[in-house]
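S.K.: So the chains spell out like this:
Number of protein chains: 2
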Amino acid sequence: MMSPGSGISLDPWFDNYADRAAGLSASEVRALFAVASRPEVVSLAGGMPFVAALPFDKVRSSVDSVLATQGAAALQYGSGQGLPRLREKIRDVMAEEGIRAGVDDIVVTTGSQQGLDLVAKLFINPGDAIIAESPSYVGAMGVFRSYQARVEHVEMDDHGMIPEALRERIEQLRDAQVPVKFLYLIPNFQNPAGVTLSASRRVEILDIAQDNGILIVEDNPYGLLWFDSPPPQALRSVDDGGVIYLGSFSKTFAPGLRVGWVVAPHGIREKLVLASEAAILSPSSFAQMVLAEYFESHDWKAQIDIFRGVYRERRDAMTNALSSYLPDIAHTNPAGGFYLWLTLPEGLDSKDMLPRAITELVAYTPGTAFFANGQGQRHLRLAFCYPEPDFITEGIRRLARVITEERELVDTFGPASSETPVAANLESPPPEVS
Amino acid sequence: MMSPGSGISLDPWFDNYADRAAGLSASEVRALFAVASRPEVVSLAGGMPFVAALPFDKVRSSVDSVLATQGAAALQYGSGQGLPRLREKIRDVMAEEGIRAGVDDIVVTTGSQQGLDLVAKLFINPGDAIIAESPSYVGAMGVFRSYQARVEHVEMDDHGMIPEALRERIEQLRDAQVPVKFLYLIPNFQNPAGVTLSASRRVEILDIAQDNGILIVEDNPYGLLWFDSPPPQALRSVDDGGVIYLGSFSKTFAPGLRVGWVVAPHGIREKLVLASEAAILSPSSFAQMVLAEYFESHDWKAQIDIFRGVYRERRDAMTNALSSYLPDIAHTNPAGGFYLWLTLPEGLDSKDMLPRAITELVAYTPGTAFFANGQGQRHLRLAFCYPEPDFITEGIRRLARVITEERELVDTFGPASSETPVAANLESPPPEVS
Chain E
2 MMSPGSGISL DPWFDNYADR AAGLSASEVR ALFAVASRPE VVSLAGGMPF
52 VAALPFDKVR SSVDSVLATQ GAAALQYGSG QGLPRLREKI RDVMAEEGIR
102 AGVDDIVVTT GSQQGLDLVA KLFINPGDAI IAESPSYVGA MGVFRSYQAR
152 VEHVEMDDHG MIPEALRERI EQLRDAQVPV KFLYLIPNFQ NPAGVTLSAS
202 RRVEILDIAQ DNGILIVEDN PYGLLWFDSP PPQALRSVDD GGVIYLGSFS
252 KTFAPGLRVG WVVAPHGIRE KLVLASEAAI LSPSSFAQMV LAEYFESHDW
302 KAQIDIFRGV YRERRDAMTN ALSSYLPDIA HTNPAGGFYL WLTLPEGLDS
352 KDMLPRAITE LVAYTPGTAF FANGQGQRHL RLAFCYPEPD FITEGIRRLA
402 RVITEERELV DTFGPASSET PVAANLESPP PEVS
Chain X
2 MMSPGSGISL DPWFDNYADR AAGLSASEVR ALFAVASRPE VVSLAGGMPF
52 VAALPFDKVR SSVDSVLATQ GAAALQYGSG QGLPRLREKI RDVMAEEGIR
102 AGVDDIVVTT GSQQGLDLVA KLFINPGDAI IAESPSYVGA MGVFRSYQAR
152 VEHVEMDDHG MIPEALRERI EQLRDAQVPV KFLYLIPNFQ NPAGVTLSAS
202 RRVEILDIAQ DNGILIVEDN PYGLLWFDSP PPQALRSVDD GGVIYLGSFS
252 KTFAPGLRVG WVVAPHGIRE KLVLASEAAI LSPSSFAQMV LAEYFESHDW
302 KAQIDIFRGV YRERRDAMTN ALSSYLPDIA HTNPAGGFYL WLTLPEGLDS
352 KDMLPRAITE LVAYTPGTAF FANGQGQRHL RLAFCYPEPD FITEGIRRLA
402 RVITEERELV DTFGPASSET PVAANLESPP PEVS
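Protein chains in written order, with my numbering: chain E, 2 to 435; chain X, 2 to 435.
Read the hints as simulated data drawn from the structure, not as lab findings.
Just so you know, not all the hints are guaranteed correct.
Treat identical chains as interchangeable: a pair holds within one or across any two.
Claimed, not checked - Result set (DSBU-like, lysine-lysine): computed pairs, CA atoms no more than 35 Å apart in a straight line:
no.: 1; residue 1: K90; residue 2: K302
no.: 2; residue 1: K352; residue 2: K90
no.: 3; residue 1: K59; residue 2: K352
no.: 4; residue 1: K59; residue 2: K90
no.: 5; residue 1: K302; residue 2: K352
no.: 6; residue 1: K302; residue 2: K59
In this text the structure is predicted, and so the values were computed from the model without any measurement.
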């Protein structure tokens, strides 16, 4: 974050910003990632979907058809809530996860990130608490912070957020008279931890939320990208009055069109449409029509199956390489999605280690990115979505070398920091450094 | 606006919204506009560009080229600041208006509306003042309200905002200790008034802003759509340290791709990129590449010339019809853009008159939409951008009938309201009802 001193000297408008601008800070590892985008670096950092697996001929025919038959409408402003024809297809996509929603319940957004932004804008007063998993999605916490929320992490383990820990946190916040505006969850193949909330805990957490009058925001970009069997049913499929659901085409189609959606209870949905109109007038007609055409004309379910195969193979490449090169390092075993969460041996710090990793031509995301409270030094996120399997294997080989070297340094000179691991239940305690 | 009573009974989450949600209200005439979209109604209400004038074959060849040669990149996430290749073309477009900016100074947004939203989010604390023209763009005031700003209108006349009135307003606000965060201006072919800020006033207003340390937000979607001669140079072309400039492809190309941009001084620009990443991660790669391809491969200046001809013909149709059918009604004479501002005879109310107008199969936007303070009843905005000239003529003929009938009613029963006209200098006082 920019220090106030440097800001004052460099930016003549520094004193004019709103209070919330203090929550806008560049990622500390941003500069490093610029280096990590060089082709010789195996990046296990970014969450880019492997769009090359899309049927480009079908994408082109969808675009051609839109321009040939509805060009003027595609280039015009549309409705703030989004194209009804696309909302019909969104209903079909959600039905795959057991969600029943009316076309009127859906608001199309500029990626589900805009959905998060609108929900945050609609609910968060400065100082309000948002409860999130520990760790949680960096982009969500960035939005919450930009509206001056405090993010309260609740512990998770291999079965997702721990209900008892949630209950305790709600009580603590109530005692401290901090309003809790919503519970933000990524129940399926969570970003960054790669774990899935169990069926029984879904029921329990819904009950806790209902008992305490707390809204749930269910962010589900990865739900259809399961590898062996579908995850438990969506929270929104059980409770349509207390859950705001965020969906995305970024992972089942592609992120480049920036189309996602929100499903919300009636009163909230009305306000979301007004908030979206204030923010962008209307989502892109062109992008919506291309998606509607593609989902109407092509076997999108078979395409999602192709994506599942692609990502399953990459998950396998990563877990196999971890078994081979880092057999005593604890990590989660994702059954879908894009990410795996790794716990470093005691004394190692994932942020401190990153420059060395990039020198060794492998990149990852340090765990601190996924905590609002500075924790996560012992953790890192590995993304298996984008590189080909061979590159993943090579990337893990390089990472193993980096970790081994860091261990030797720690053995020789002692740990750089004394942080104890957070999210302690997320995996069995890492083995001691040998 | 929803009354708190009805909200409580209908929306169980009513008490959970952030304070700023109170600023999100549906337009009072929204329901009427749904009726007005029926094909038999001549709509002079909406500001839809006439995209049918675009060369669709060239749009298609641009899209084909992007998908054939850069499909995977077009479908992927991009940078938060926007594609450098498109920012190069944006520089060329702005050079047409005398603006010199570096590629690094530009932030690509989801339409210029998102630029407005980001600027508002970055600067506005609840209770801050934004100074705007009187009247001003409804969509801007909606954004400012959504961040709990108070909008302070400053009088304009046929040459734009009156500098002396601006000076006075700034002093009043200083005396009242209300922070002024920026001065929001649409200097060219203003929405809704259709007037252009004169060259000498541009200099004077820049001086006033500089003397008072007030940032200017220059919103310029229509600047290139002049009919006879270009407007005076952009404020940003004179002052690059105190002006945030908002540009848009919606009027020179098409709104359906939702691409606009912001040019801002360095420190502000850095924060805008972070705010945009929080809100949408990145603008659509696909839309940006299609625009870059189109602006690189085709004679976009000739196309803007075609648009000028289209809108000039429609402006002429409207002003000629007004001379024929409503010779004693005062209105502005726009030299470019989309809109004309009309002042009704004393005793008439544009909002009250709208249902009757729609019954007579013509629609317009009541003046109240363009004031934050409830004024504007004696005014209405007429858009000449979308209907063909013959329809515009017919629409004005119908409007004349409605106004004549309303006048007769007022003569018989007296005025429905006693409001005196606002923006009194905007045109010569309307003649008395005969």
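S.K.: Run every hint past the structure and note whether it holds.
M.R.: Now the hints, each set against the structure:
no. : hint        : result
1   : K90 x K302  : within (12 Å within a copy, 39 Å between copies)
2   : K352 x K90  : neither (42 Å within a copy, 38 Å between copies)
3   : K59 x K352  : neither (42 Å within a copy, 49 Å between copies)
4   : K59 x K90   : both (17 Å within a copy, 30 Å between copies)
5   : K302 x K352 : neither (39 Å within a copy, 50 Å between copies)
6   : K302 x K59  : both (14 Å within a copy, 33 Å between copies)
Consistency note: the structure conflicts with the earlier hints numbered 2, 3 and 5.
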